[in-house]
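K.L.:
Going down the list, the protein sequences come from chains V and W.
Using my numbering, the first residue of the first sequence is number 3, and each one after it goes up by one.
Using my numbering, the first residue of the second sequence is number 786, and each one after it goes up by one.
Just so you know, these hints were derived from the structure itself, not from any lab.
Heads up, a few of these hints could be off.
Stated by the list, open to error - A short, non-exhaustive set of chain V residues, derived as facing chain W with CB atoms under 8 Å:
1) Asn128
2) Val129
3) Pro251
4) Gly253
5) Asn266
6) Gln287
Said to hold, decoys possible - Covered stretches of chain V, as calculated for chain W (at least 3 residues, CB under 8 Å):
7) 73 to 81
8) 257 to 264
9) 390 to 404
All values derive from a computational prediction rather than experimental measurement.
Glycine included, every Cβ here is placed at the ideal spot set by N, Cα and C.
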Amino acid sequence: MNDDQNDPKKTRSGIDRRDFLKAGAGVAGGLLLSSGFGRLALAAEHPALGNYPAGIQGSSVFVGLSVPRTGPYSAQGEDEIKGYQLAIDHLNQGSELARAYAPDGKKGVLGKKIEHGVTDNQTKPNVAVQAISKYISDKKAMMVSGSVSSAVAIASGKLCDREKTIYLAAISGSNDTTGKDCQRYSFRACHFAYTASKALAPVIKNALGPNKKVAYLTPDYTYGHTVYNSMKEFTEKQGWTTVTNQLSPLGTSDFSTYLLNIANSGADVLVNICFGRDAVNSIKQAQQFGLMDRMTMVVPYMAPFLAQEVGPELMQGVYGTTEFWWTLAETNPLAKQFVDDFEKRNGRKPGWSAHIAFLQTMLWANAVEGAGTFYPPSVIKEYEKGKHINTDIGEVWWRGDDHQLVRPVFVIRGKKPKTMRSKDDYYDIVESVAGPDVMPPKGHFGCKLGSYT
Amino acid sequence: MPSLPLFLSQLFNGLALGLLLALISAGLTVIYGTLGVLNLAHGALFMVGAYAGFVAMEHTGSFVLAMVGGMAGALIVGLLMERIIIRYFYQRPAEDQILVTFGIGIIITEAVRLGFGGISQRVAVPEWGQGITKLGFLFYPTYRIEVMVIVAVVLLLLYLILYRTRIGMIVRAGIEDSLMVNMLGINVYRVFLLVFGIGAMTAGFAGIINAPIVAVTPDMGEAILVQSFVVIVIGGVGSFPGAVVGGIIAGEIVSLTSMFNPAYSHVMLFAVMALLLAVRPQGLFGIEGRE
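So that you can see chain W by itself, here it is in the shape it has in the complex (with noise of 0.2 Å):
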């Protein structure tokens, strides 16, 4: 059995990778709530918020603006696609619209590729997240740490604009009834804009903070896609409680398993979504029926 230290070591590590997960889901959901868009050019836009991030960090030094960058990145590029592309496929059936962002990742990722080479790109850790940290039963790297609080505070935020606001409001009129929002003298569709712009914005976000902790790759973005569609799977497709809570679950089924078989903590998350899918297909914060 493993000793408890190392049971708290990783229930912490797995609120770490969870809150991250939650993050990138948090974009995706929002996306395909209001939408009705499954995004599959999501990891795509992740990884554009690294790169993003890595050329500002470049040109500035500056961590911060790094952040910025990586958010400016990944706005500019998902709203070019909600423009050009996308908001012409928002009537069309489900197929098409997988088909086309999934393609849209595709072109992405190989562009980068075609810039920067297939070497993964180095992006350090900022000066105030180096070293590492005692918290009483573990030691962990400071700048994890430090994600954590900004990933909470972010999703925090999403959440005040999402359910308190009036725009937030809008917004899920919208996703109930998107023609009656319209009669009522709003323009529906620059809405919809709007939460494309904030999905590929988080996605960014996370997209440049987790770069000092991986590798920045073209195709970094693929298995996070992967991952955060388990996570909303669980949480409920359309959630956003649901990918937060979600979040948290993969990353502690992830942690856990691996104290056991590290070879089995991804075949268990995987496992577990299947499990739920059979028992409660609407996922954990899912409305039934809902498209």
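The shape of chain V in the complex, shown without the other chains (with noise of 0.2 Å):
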């Protein structure tokens, strides 16, 4: 009998586990020697993760970007198409105005091209994950970004973390984005309910007096509810009392149902909370149902191309809090090159959507180029460390326990047709909060970041 089938390490053939293990360890090593002494080099300087080093062997790297093309915010979602192939263009040039975030110089970022790809995500978590996960495993995407909604930027947040690719939200105003669901790979520099609230409260406090009676028409999913939860809370704190709370569908257009319950709600103050058409929609029929002359409308988060969508006339008056104004650009040079540029090319002001997409892509570049590499828990860490950055809203900065931006928030008011100065001219910008004075507490969303690798 053959002393190796007695012994239970031993396989039928005869080959120990543990010299297989061996003999495979070679030929994996042979493999990557035989594919170059760069691919070595850079494995050596840091362990394969997420689709780093395969997504940087090339001279470029690929970023992929899901937005709302149809739906409800597919205004917005055009929008921010402008703003990344902007920040894009700028950073494959090397321009002056991509030096100022990026500064090492070279073309591209650390000296790679960045190509782009664009998916409609239809304001839809389910296909903007499907987009996504597409561009991590057959593009090899350094990084993801886009959104609207604030449902479709929770779910990318998470999917990316999983995969371990960076992913930069753009337009997405919920607390839970930077709270309970906030991601170790994901990051958001827009305002968001709780800030916007709070710049907010005061100013309308001032404005309209106190003791008033508030209604509120709020768009049912994540975004929505935390944007009243942080009104009701900073409103009733300064005396004001909330009377209903009317929740309508996401993609909602016809809002007589909801609007007929606030006209029987006895309220002074109408704050809406829709966004993208659904505001468009909701106001133009608040008007028809002469809500707009029997209470004052606020609305938190200004969507953009909401002046021009529903009229000046109807926007008159109303306050609400914006991420980025194009009249900024009078007073801040960077914002000034990129209003100037953005207008060269697409014939019209950005709205905040563009902003957005612009400055979170050349906040990634600063990051990248501040870690001096693409791999994933480098950046993250040039992202937590805080450091300070002048951008075309001022200085802002990364808190690194939430990943949120550290950024001022404009409180703006609908302006009268007769005062505006030029066909873009909609509205003033009342106030520009600091972003310190206007953040929540650490912890205060419940936010935990997962690992790193």
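Both chains are sitting in their own frames, so use the hints and assemble them into the complex.
P.N.:
This is the structure:
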């Protein structure tokens, strides 16, 4: 009888499992060597993780964009694309504007040209997740970005965290995005429910007076719920009362049933949380139901193009907050370069959708160049350092604890049509509220970041 | 509990919503009843009506001409659709018809998006519709009240055409037995074209009269298509009175549910449809076993 057969460690063919593993390692090592010295050097610098180093083998890196081109947020989605393209073009040319954010002076990011693809996520989380999965597996994307709906931003962030690929939310107003649904691999640069409400509440109290009764029109998903919670918190703290909250599904076209309930609620102030096309429809119809004459409307999270779509007559005197408004170009030279170049290319002023896409891309380039590598954990740690960066909205920095950008919030008010200086001059910036004054305390919304690897 | 004035307001509002749904669904159901084609491009025709009306409004400034333009636009697109593609699908299986009309719908929507962009267009409420009317217990937008009247008149006209004229008789005979009608020396396919035209025109008309109320965008037809399906399922597929009654029921469900819980108003619509399918699969006015 062969001894080998009695030894449980030996396989039938008589090869020791340890021998087998050794041989396997040798073969793998040989393959690794044969694929070139450069690859070995990279692999030695950092272990493979996500699409690193597969995504940086060539002379370019790929960036996957998932934005809504159809559905209630399509106008904002299209504008985001233009913002990304502007940023990518500037980075690839190594222009003066690009060097303001990514100062290494080389064309592209770390000398790699940025290539990108765009998919219509239809404002639906499941479609976005499919699109992003393809970008990560087929195109070896090193960064993914794009969102208008927070539901999409949160789903995209979760997927990218699992795939160890950096995700940059574009528009996302929910407290959850950098709160309970925060991710190690995702970052948000725009203002959101809490900061918008905290900046806006004192301004509207000053303007409208004490003891107001408030009715809410709220889109029925994470964005709407958290803006409602934050607005309720800050307005009730200053003595206002909440009389009704009307939840409408995302993509509602007829708001008459909700508006009738609001008309019968006895409210003096209508806080309209709807965004995109839902905001357009609800405001048009609120006017037709006579609500705009009986109550003052406040739009805490003012969608880009809203004034253009409903007309300045309806938006005059309406208070809200915005991430960016083009008149910032009058005081900030970087904003001027951005607005001028955008207008030259597209024949119109940029919305804040285009701006946030532009800013996120530039801040990403800044982090990658600061880290000196595309290796995701190093890039994330560079973000988390929280260094102060001069941008077209002033000085900003990332909060390492929840990956939220600390940034100013702009409170705006719709201008009277008579006082508009040009056809795009819809708003006055009535206050620019500093980021640290409105940020929630660390951990306030339950953020727990996951692992780097 | 909601107050009586609120209840009455929502009851009235439900009727207003319902009549508009009825008008859109009438076109859909007449085409299906006559031609046996479930036209998934119907929402796109609704949208074409709104855009054609918008263009007419921009050029003429007259809302009456915008209404004519909206109808004409949808009619032209509808007839082209029928002549170029759909007529070759009358004898094909239902799945083919669904796929081809769905595809046409996408093409039309994207073509409009290409031309006008995704930002919504504004169609102002006409002079004669501005302001609010006090109806005893509630204040209601004047324009919406006028739309109710206009829609009711159009629905009545459609009814008269279908049930009280020779053409209508041929159409209804064609539904029952197109071969027989053909053998009687009547060009049944010309009648079919006419029916398709009428269906498209009602969709376009609904689109333009709805344009001052909602944002005019390339995908405005999608949501309305889904709702009008619910309406014709409730009312009975292919039945004209079913579309009218189904529309009003749907409007009331949405409106009345919203008093108690706004978030459930559209869910209720589908719940009622599911319930009805279980109890009376052919719908309220449908004829059992008819395809």
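K.L.:
All hints, please: hold or fail.
P.N.:
Against the structure, the hints come out as follows:
1. Asn128: It is violated, given that the least Cβ distance between Asn128/V and chain W is near 17 Å, above 8 Å.
2. Val129: Because about 14 Å separates Val129/V from the closest Cβ in chain W, which is outside the 8 Å limit, the hint is violated.
3. Pro251: Nearest chain W Cβ about 6 Å off; hint holds.
4. Gly253: Cβ of Gly253/V sits 6 Å from chain W, so the hint holds.
5. Asn266: For Asn266/V, the interface hint holds, since the closest Cβ of chain W sits about 5 Å away, which is under 8 Å.
6. Gln287: holds, 6 Å
7. 73 to 81: Answer holds; 5 residues pass the 8 Å Cβ test.
8. 257 to 264: Coverage by chain W holds here, the residue count being 5 at a Cβ distance below 8 Å.
9. 390 to 404: violated (count 0)
The structure fails hints 1, 2, 9 (numbered hints given earlier, in ascending order).
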